[in-house]
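Listed below are the residues making up each chain.
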Amino acid sequence: MEPKMPRKERQIIATTITLLAVVFIYGYIIYKKYILENPELVYNLEFWGRKFFLMIPIMIGSLIILMIIFAIVNKILTNQDMETMTDEMDKLIELKALKISRWSTNICFLLAIGSQAIGKEPWVMMAVLVISCFAGAIVEAIAKIYYYKKGV
Amino acid sequence: MGNCKIKNNIRTLRFMANEMTQQELAERTGVTRQTIVAIENGKYSPTLELAFRIAHIFNTPLQDVFSVDPDDLVLKKK
Numbered sequence: 206m207e208p209k210m211p212r213k214e215r216q217i218i219a220t221t222i223t224l225l226a227v228v229f230i231y232g233y234i235i236y237k238k239y240i241l242e243n244p245e246l247v248y249n250l251e252f253w254g255r256k257f258f259l260m261i262p263i264m265i266g267s268l269i270i271l272m273i274i275f276a277i278v279n280k281i282l283t284n285q286d287m288e289t290m291t292d293e294m295d296k297l298i299e300l301k302a303l304k305i306s307r308w309s310t311n312i313c314f315l316l317a318i319g320s321q322a323i324g325k326e327p328w329v330m331m332a333v334l335v336i337s338c339f340a341g342a343i344v345e346a347i348a349k350i351y352y353y354k355k356g357v
Numbered sequence: 819m820g821n822c823k824i825k826n827n828i829r830t831l832r833f834m835a836n837e838m839t840q841q842e843l844a845e846r847t848g849v850t851r852q853t854i855v856a857i858e859n860g861k862y863s864p865t866l867e868l869a870f871r872i873a874h875i876f877n878t879p880l881q882d883v884f885s886v887d888p889d890d891l892v893l894k895k896k
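As given, the protein sequences belong to chains A and B, one line each in that order. For the first sequence, the working numbering gives the first residue as 206, with consecutive numbering after it. For the second sequence, the working numbering gives the first residue as 819, with consecutive numbering after it.
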């Protein structure tokens, strides 16, 4: 049985949803566990830095688990081994999507700096920076799906 | 670079090669099936290397696999 959506597009969607889910769950846990108990922590940049560093291995671990689940589900549904190969079209799409996502990240970065220019709290800059990273990831995913569907 | 539309005869050539599947062609050219589908549908123009590899598999000259309307090759001055 061949699913209607190509594997690469399913994989892009699954990866993006996982990234977003991890960020939301992690953010919610941080908020509930630390910020609610001690609201002063939002002004502590050391706290933000530590929590962001901790998020990186959590995200890498989540993506590895997702890839394993994805390969198992793919095998059950299509009875095919997961293709890990990337060819010239994949690389071209990757480059084009990366170029677009870089622009969105740059704009968000300017917003983060701008928040300081207009006198907002430092935590606003940190929040905008995190959002900018994920906005870039989402834009990249959308661009990839667009190029896979429309052609490149 | 202009947007010249490159046509191809891969579907016909696959049919003439004992109905070779897209997967088989993909494996023999070292790309994914999705790329072969995109080339066949005119959604992706392959690199010269891949184009030559496809022509080699069908044992036919490159111009019998890929073609372009000569009018599309003329650069239009803006």
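Calculated from the structure, these hints are not laboratory results. There could be a bad hint or two in this list.
[Claimed, not checked] Taking lysine to aspartate or glutamate pairs in the DMTMM-like style, the calculated list, with each CA pair at most 25 angstroms apart, reads:
#1 A:K354 <-> B:E867
#2 A:K304 <-> B:E842
#3 B:K861 <-> A:D295
#4 A:K280 <-> B:E842
#5 A:K301 <-> A:E245
#6 A:K304 <-> A:D292
#7 B:K825 <-> A:E326
#8 A:K256 <-> A:E242
#9 A:K304 <-> A:E293
#10 A:K296 <-> A:E242
#11 A:K296 <-> A:D286
#12 A:K325 <-> A:E214
#13 B:K823 <-> A:D295
#14 A:K301 <-> B:E842
#15 B:K823 <-> A:E293
#16 A:K280 <-> B:D887
#17 B:K825 <-> A:D286
#18 A:K355 <-> B:D887
#19 A:K354 <-> A:E293
#20 A:K213 <-> B:E867
#21 A:K237 <-> A:E326
[Said to hold, decoys possible] Computed, partial: chain A to chain B, Cβ under 8 angstroms:
#22 K213
#23 V228
#24 G232
#25 M290
#26 D292
#27 E293
#28 M294
#29 G356
A quick note: this is a predicted structure, and the numbers were derived from the prediction, not measured. Note that beta-carbon positions come from the ideal geometry of N, C-alpha and C, so glycine has one too.
Checked hints:
1. A:K354 <-> B:E867: holds, 24 angstroms
2. A:K304 <-> B:E842: violated, 33 angstroms
3. B:K861 <-> A:D295: Distance ~13 angstroms between B:K861 and A:D295 Cα, so the pair holds.
4. A:K280 <-> B:E842: Satisfied, since the Cα-Cα distance of roughly 20 angstroms is no more than 25 angstroms.
5. A:K301 <-> A:E245: This hinted pair is violated, its Cα atoms lying about 42 angstroms apart.
6. A:K304 <-> A:D292: Holds: A:K304 and A:D292 sit about 19 angstroms apart, inside 25 angstroms.
7. B:K825 <-> A:E326: violated, 57 angstroms
8. A:K256 <-> A:E242: The hint holds at about 16 angstroms.
9. A:K304 <-> A:E293: Satisfied, since the Cα-Cα distance of roughly 17 angstroms is no more than 25 angstroms.
10. A:K296 <-> A:E242: Violated, at about 47 angstroms.
11. A:K296 <-> A:D286: holds, 21 angstroms
12. A:K325 <-> A:E214: This hinted pair is violated, its Cα atoms lying about 39 angstroms apart.
13. B:K823 <-> A:D295: With a Cα-Cα distance of about 20 angstroms, the restraint between B:K823 and A:D295 holds, given a limit of 25 angstroms.
14. A:K301 <-> B:E842: Judged against 25 angstroms, a Cα distance of about 28 angstroms means the pair is violated.
15. B:K823 <-> A:E293: Between B:K823 and A:E293 the Cα gap is close to 19 angstroms, so the pair holds against 25 angstroms.
16. A:K280 <-> B:D887: Violated. A:K280 to B:D887 sits at ~43 angstroms, over the 25 angstroms cutoff.
17. B:K825 <-> A:D286: Distance of about 32 angstroms is beyond 25 angstroms: violated.
18. A:K355 <-> B:D887: The given pair, whose Cα atoms are some 22 angstroms apart, holds under the 25 angstroms limit.
19. A:K354 <-> A:E293: Holds, because 16 angstroms separates the two Cα atoms, which is no more than 25 angstroms.
20. A:K213 <-> B:E867: holds, 23 angstroms
21. A:K237 <-> A:E326: holds, 21 angstroms
22. K213: With a closest approach of 6 angstroms, the A:K213 hint holds.
23. V228: The hint is violated - A:V228 has no Cβ within 8 angstroms of chain B, the shortest such distance being about 29 angstroms.
24. G232: violated, 35 angstroms
25. M290: holds, 6 angstroms
26. D292: This interface hint holds because 4 angstroms falls under the 8 angstroms limit.
27. E293: holds, 6 angstroms
28. M294: holds, 4 angstroms
29. G356: Given a least distance of 3 angstroms, the restraint on A:G356 holds.
Hints 2, 5, 7, 10, 12, 14, 16, 17, 23 and 24 from the list above are not met by this structure, while the remaining hints are.
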